[in-house]
Structures are given as structure tokens and as C-alpha cells.
Amino acid sequence: MQILQYLINGISIGSVYAIIALGYTMVYGIAKMLNFAHGDVIMVGAYISFCVTNYLGLPSFVSVLAAVAVCTVLGIVIEGLAYKPLRGTPSLAVLITAIGVSYFLQNAAQLIWSSSPKNFTSVVTMDPIVLMDGKLVITGEVLLTVAACIVVMVGLTLFTSKTRTGKAMRAVSEDRDAAQLMGINVNRTISTTFAIGSALAAVAGVLLCSTVPTLMPTTGSMPGIRAFTAAVFGGIGSIPGAMLGGILLGIIETFSKAYLSTQFSDAIVFSVLIIILLVKPAGLLGKQIQEKV
Amino acid sequence: MNEYSRKMLKVPTYNLLREQDKDKLPVLDVRNLGIDFGGLTAVDGFNITIGPTEISGLIGPNGAGKTTIFNLLTSVYQPTRGSILINGIDTKGMTTHKVNKLGIARTFQNIRLFTDMTALDNVKVGMHNEIKCPFISSLLHLPPYYKAEKKANEKAMELLDFMGLADVADKKAGSLPYGVQRRLEIVRALATNPSIILLDEPAAGMNPSETTELMHQIRRIRDTFHIAIFLIEHDMNLVMNVCEAIAVVNYGRIIAKGTPEEIRQNPAVIEAYLGREEGNA
Amino acid sequence: MKTMLKNKNTRTNLLTYLVVIVAFVVMQVLNSQGMLGSSMKGYLVPICVYISLAVSLNLLVGVCGELSLGHAGFMGIGAFSGIVIAALLKDTIANDALRLVCAMFGGGILAGFVGFVIGVPVLRLRGDYLAIVTLAFGEIMKNIVGNTYAGIDDTGFHMAVSTSKMKLEAGGKYIINGPLGATGVEKLASFTMGFLLVLFTLFVVLNLINSKEGRAIKAVRDNRIAAESVGINVTAFRMKAFVVSAFLAGMAGALFGLNYSSITATKFNFNTSINILVFVVLGGMGNILGSVISATLLYVLPEALRSLEDYRMILYAVVLIVVMLCTWSPKVKEVLSVVTDKASRIFKRKEAGTNE
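Chains as they are written, first to last, in the working numbering: chain A, 2 to 294; chain B, 3 to 283; chain C, 74 to 429.
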């Protein structure tokens, strides 16, 4: 039964990766940029939720809403100030700017909340479900995370296929110039994408810190990198790909820690990523684009 | 040549081989070549044989698959069917750079020069495999490096001079006029020491006097370097004047092959270019 | 020689060497006069190391156009293998400088070898995918190096990747102790050696750029399909650049490792890779002298801002963003040009007014 427990834990952490990876993938698909600051938006979301619960004493769902609201605005502001002026420049210039934003958020958080870790109180109050004489424990966090992941996935899929804005997003990601000629406001579409991605990051931040309760200014960076690899793993730009990549990454990570080696779990996870990319260079569900001669 | 391809050819190119190319290994021997993109057949049943010092042309309406054929010959695409022999060696599964080493060089319809580099450097990149200098000499600039560079410079200048480009050697390739860029691309292709060069619309964008000059230069290239030339061109004046054999493609298939005179009178060609005449006549 | 000087490339290269040599001489003079603070003295070797790292990464990112996010991994391999080599050769080679050179070349060769092994599969990928894979390799290397144990005892040299497998006899000494890193390292590094490393790095990279390989690399970046059509094996060139870059990073890493008495693998993480990349991008892609200058300034900047304490890194981040916006953004550039344009117009109007 041990294996089932690991599987559940893997899916749980994988769901968090998946939600973060969705943000990466949407932004990459539409703005064609690696938003390295995405991981730090997660951290900001977690801090906001922490403050609302601990300092204002409001219930946890309010704190989540506050985190989502703040991060959405933050996403739009970052995009407008730092990324929009660089549209059409080499991707490396945008990448470095994103790194600058990431440094900025981390150090701003350190100024505001100090670098000492905060103990995050879980937003879930439910008792864990104990099955098979305690051999299998499903915590409320696990249920919430997986549920959130499914809701986000279904919601995004419906959004991109049914709504006008969602369709505009798909059009922009396919061919920005053609979309513009068809009367789509590309700038607004990109801003919307950032807003959605950042809102998801806030959700992911709360879920992440509910599972792993230490909150620091650097909390977001490692899960950010993990989720980024998950997005590439699944095929960057693809929504189901990010989902699949995130969950698989979580499972691989948990299993390699449990059965292979704790110290080398990083090496194992990244090795799997490399092998996948070598076999399928565009990721699991990505599309291969051929260059025209 | 097998039975099948013999049937395909309206005018077998062997009949067209120049006197001096008879009984010699053809430089390019393409048999039953075809490629599908998804469900679309872009090229099918393409056959051609080109002798070592032959100038041949490939013509056809827009979208007929001419550039695709060039891309197949240079392994930019891998064919779905058929085989390509360059100097008798099958290029199946080879990469573009390997095929180039077998002796096939090309120019591009939408000029692909190294725009940030000087004309001279463009040619020297073309001579890459001709410059013999061990990697460690390159890294540490040992004497063999200087020797090889000097030789390369001289040879590159010679080639530029041959096409009348010596005075633009130090100019950035991207800053040169269109016609000059086209000629520079030819020089770069020649620099790889090929046995056949493929020219993709060499006269496109040139004015009539430049085109006339180009015609002389194409003949001069063949006569000086003793190589075969295979060109795609829409300028019929150039094709009819320069080429000794012409293949016509439409919808990815060869519809006629022959001497310029035969092509001029071939009803299939006239139809492909002008459409059916029944309504008018 | 005269014709050589006419060549713009040769002039830029000579200028690069000159700047480095003059900077070295100035620093040496200041040092001998006792005009350098102890903290500034401490920066000298790391500055040299980061210049070498930036120049070698520029070969990959700026010249070849391949984004690599794992440069610190090669640095780490160089650092730890350099430390081990220096410790092993302690009894064989008495001369410190010679031992350091051996350690640096050893570190470089190992890093270059790892670069080769990684390059075989990875260099088939391009663009962002190559970036993510190099990031992954950087993390893997950090992870493995951080769990390596190495030591010497009477029976010889031992190495393992877990504590349980690592058995040293009594009196044996650990050189690398897993996550605790290397401790008790003999500090062999010197500013002079750092200077020589920078010169060597410049020599190799500039020579490479100005050879047939360099031309091929530039051609590949400019137009890959055309480069292939003239017989250039694109993968082979990316490989050569990758290995040379890894080799130089390894050498720099060895010097870095031997500059501190203890060091852990966490130093060679993603953030370090990113910092080196920032040096390259701000210095100008493909601009070698730019890398030298930006590595120096950007290394010193956070240190110089130390008096601002908590605000220094946030300021660094702001500077980074503003510089990127000013150098790249078409809008910001437009605004700047409009401002200058208006200024000149006002000036002209005044001039016209006086004429009437």
C-alpha cells in the first residue's frame, strides 16, 4: 500500500506543479517568452494569503481571493512595465528582464517580510481521511490540490475553446501578425494571459504553502523551475501538456525520492526531462514546427 | 536506366548529352523521385540525368514543385520515394552538409547570404571544407593557421574576381544590391568546389543587361570549372539561350524534357503555361 | 602588420587585450602602494573568474546564438576537480603556481569532457529547448557534485557518491565531504593567475572567432540553412563551441575553488548561471570587450552598494530592468530620440531667429 501512498503524494505535488506550469505554458504560447518571474509571483501570492489570515484575521477563502486579486494586478503591472516595451526584441532581452523582475520581487519580499521563514497555516481545516488502518492517509490538502487542478484544467480548456477572449488567445499564439490583421487587440490579449497566469500562480502559491508550510522570499523559485521543466516536458504552449507534465513530474519526483535516492532526486527528475526531450524534442504533447526553406 | 524511367521520359536526356559527356558517369542521376507533405504529393516520378559539364534548366509554372526538387537534391527534405545519385553515390539519409561534400552546391530563391559578414567572408565560409587547418591551430593561431588563411584569402579573391565582385569584397553582404547578392551567392556555391551547382532563379530581380551578363557568366563557369549547372528560371530568354537541356514540371511531375527547340514546340508545355486553347481557337 | 591593423576585428581584439593588461597593471600598482582596501583585494580573483566565465559563455550565447543556462555547472565541475587535483599533487609538485596551473587545466579538461558527453545528445535541440536542457544539466551537475565524497588516506585516493560507501582509513583526510562541500582547501589562487586566466580565455575565444571555425559559427547563426548548404556540419560546430566554452568555464571554476578555504556545491546553482548570462547580455551579445567590462562592473556593483544594505539587491534588480529597457525597447528609444530631436529643433529655431 506504500506505493499507493507515494502515488497520491506524487499526484498532489504534481498538481501544484501543473497549476504553475499552466501559467508558464500560457505565457510562453502567447507571448513567446520564458517568464522567469512566474515562480516569484507564487511566493507573493502565498505571502498575501499569509498576511490576510494572520494579520487581518480573515477567513482563509478571503485570503485566497485577496492573493488572487493582488497577483492578477501584479501580473498585469509587470507585463505592462517590463515586458510590453520589449515586444518584438530578441527573446534573450526579455528573458534577462524577466530575471530582473524575479530578483526585484524576491528582494522586495525580503524587505517587506524579512528573510526569516514564516510558518504558513494551511487553508484546509478538514481532517485527513485514514484508510486501511492508517496505511493510506489522504489529507485535505491533497484533495483540495487535486480538485483545484482539475477545475483549473477544465476551466481553462473551456475558456480557450468557448469564449471570445480565449479564442483570441489561441489565434495570437498561432500567428500574432495574422491575429492583429483580423482585428484582435494583441496587447490586451497578452495582458489578459498574464493576468490569468498570475491568478493561477496565486492559487498555486497558497496550495504549495498549505502542503509545505515554510514560506520564504525564495519559496517560489525552485517550484518555479520545476514547473517550468514540467511545462517543457509536456510540450510548452500546450494546456493539457502542462497538466500531464506537472503531474508526471510530481510522481517521478516522489517515486525517485522513495525508491531510488533522496539526495539524487533532482538529478533523476532532470535526467528524465532530458531523455523525454531527446526522444520527443517538442515535449510529450507539443507540436514540431518545420522551418520553411 | 530502368524500364520504368525510360517510359516516363518523352525525350531521354541521354540523347542530349554533350559530345564530351558521353560514356561518362552522370554527375546527377535522379530516379523516380517523390515527396509527400502529409497527404499532398508535392513531387512525383521525377527523373533526370545530368552529364558532368551540362547546363540544364528546370522550368514550370509557379508552385509546380521546382524549389522542392532542389530541396530534395540537397537533402533539405528527405524524399518519400526514389533515389538521388550524386557522382554515383546514393544520398539517401544524408544531411545537407554531407551532400554538399559529395559535390552539390546551390543558391536560394530568396537569397540566403550571411548578411552580417563581408562578401569575402561569405566566400571563405563557402571554402570551409577546402581550408585545411587543424582545430588546435585555429584555437592557438599556430603557423598553419596563417598559411591556410592566406591561401583561402587568395582563392576567395580569385573567385570574387571571376564573377566581377572583387571591388565589393570588403562590403557587408547585406548592404549589396540585389543583383550583386545573387552573384555573390553563386561565388559562395562555387567556393565549395562542387561538381554541380543548382541555381534557384539566378536572374530574379536583375535588369536585362545584368541578365545578359549573367548568361555569359553561367557559360563561363561551366567552361572554366568544368562543372554541371542545373537552374530554375522564369526568364525564358535566359533558359532558352543558356540551357542545353530543359525539363518542364507541373503539379510536381515532369511533363516534358528536351532541347530548347523541342520544348518550345511541345504542346504539353504550351498548355501548362498558357492553358488550353480549345475555347479560343 | 600594417595591413593587420587596418582590419577592424584585429583592432578591436588588440584593444580588448590592452584594456585587460592596463587594468591589471593599474591594480598591481595600486596594490603595491597599499591603496586597495582588503575587500577590494578580495574581489580581484573572483572578478577575473567571472570575466573568464562571461567571455566563455559569450562564445556560446553571443557568438553561436545558443542560450545556455547551465554554465555554473561546468564551473562547479572545474572547481571541485581542481581542488581534488591540487590536493593530490601536493606532495608531487612543490611549486604552488605550477600546481594551480595543473589544477586549472585538469578542471578545464574534465569540464570540457563532461560538456562533450552532454553535448552529444543535447545539441540536437535548439533555442528554448536547449536552454531548458542546459538548465537541467546544471542542476544535475550541482546535485551530483554536492553528493560526492572524496578523500585520501594511506591506501590512496577514494571517491564515492554516498557516505556509506566512503571508507577512509584512520588518519585519512576528506577533500570533498558531500553536501558540506570542500573544506580546508589550500588557497592557491592569486590575482596574477587570474589575470593570466583572463588573457588565456581571451586568446582562445578571440582566436576561435577569427578562424575558419569562427566564421562557420557566425554563418550558422546568421543563416543555418545556407551554412549547411555550403557543407558546414552545424552540429559539429555547436559541439566545438560548447566544449571550448565548458573547458574555459572549468578552468575558471578551478581558480575560483582554490580561492576560498571552503566551498559548497550550492554556489554553482542556477542563480550563478543566470548572473553570468546577465554579464554577457548587458555587455553585448558577441561583444567580448563588453563582457569583460560588464562582468567587472556588475560584480563590483552589488558590493559597492553594500552600504545600502537591504536595498542593494533591489536596486541591482531595478538597474538591470532599466538598462534592458533602455537598450532594447523601441518605445523607450523613440522617446529618447524625440527628446533629443525636440531639443535640436528648438536650438535650430533659435538659430534661425537670430539670422532673421
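Hints in this document: simulated from the structure, not taken from any laboratory.
Nothing here was measured: the structure is a model prediction, and the numbers come from that model.
Even glycine gets a Cβ: it sits at the ideal position worked out from N, Cα and C.
There could be a bad hint or two in this list.
Which chain C residues face chain B? A few, computed with CB under 7 Å, are given here [unchecked claim]:
#1 V277
#2 K285
#3 E286
#4 A289
#5 A299
#6 E407
#7 S410
#8 V412
#9 D414
Against the structure, the hints come out as follows:
1. V277: This hint holds: V277 (chain C) lies near chain B, its Cβ roughly 6 Å from the closest one there, short of 7 Å.
2. K285: holds (5 Å)
3. E286: holds (5 Å)
4. A289: Holds: closest Cβ of chain B sits about 6 Å from A289 (chain C), inside 7 Å.
5. A299: holds (4 Å)
6. E407: violated (24 Å)
7. S410: Not OK, violated: S410 (chain C) not within 7 Å of chain B, min 23 Å.
8. V412: Check failed: Cβ of V412 (chain C) comes no nearer than 30 Å to chain B, outside 7 Å.
9. D414: Not OK, violated: D414 (chain C) not within 7 Å of chain B, min 26 Å.
Hints 6, 7, 8, 9, counting from the list given before, are not met by this structure.
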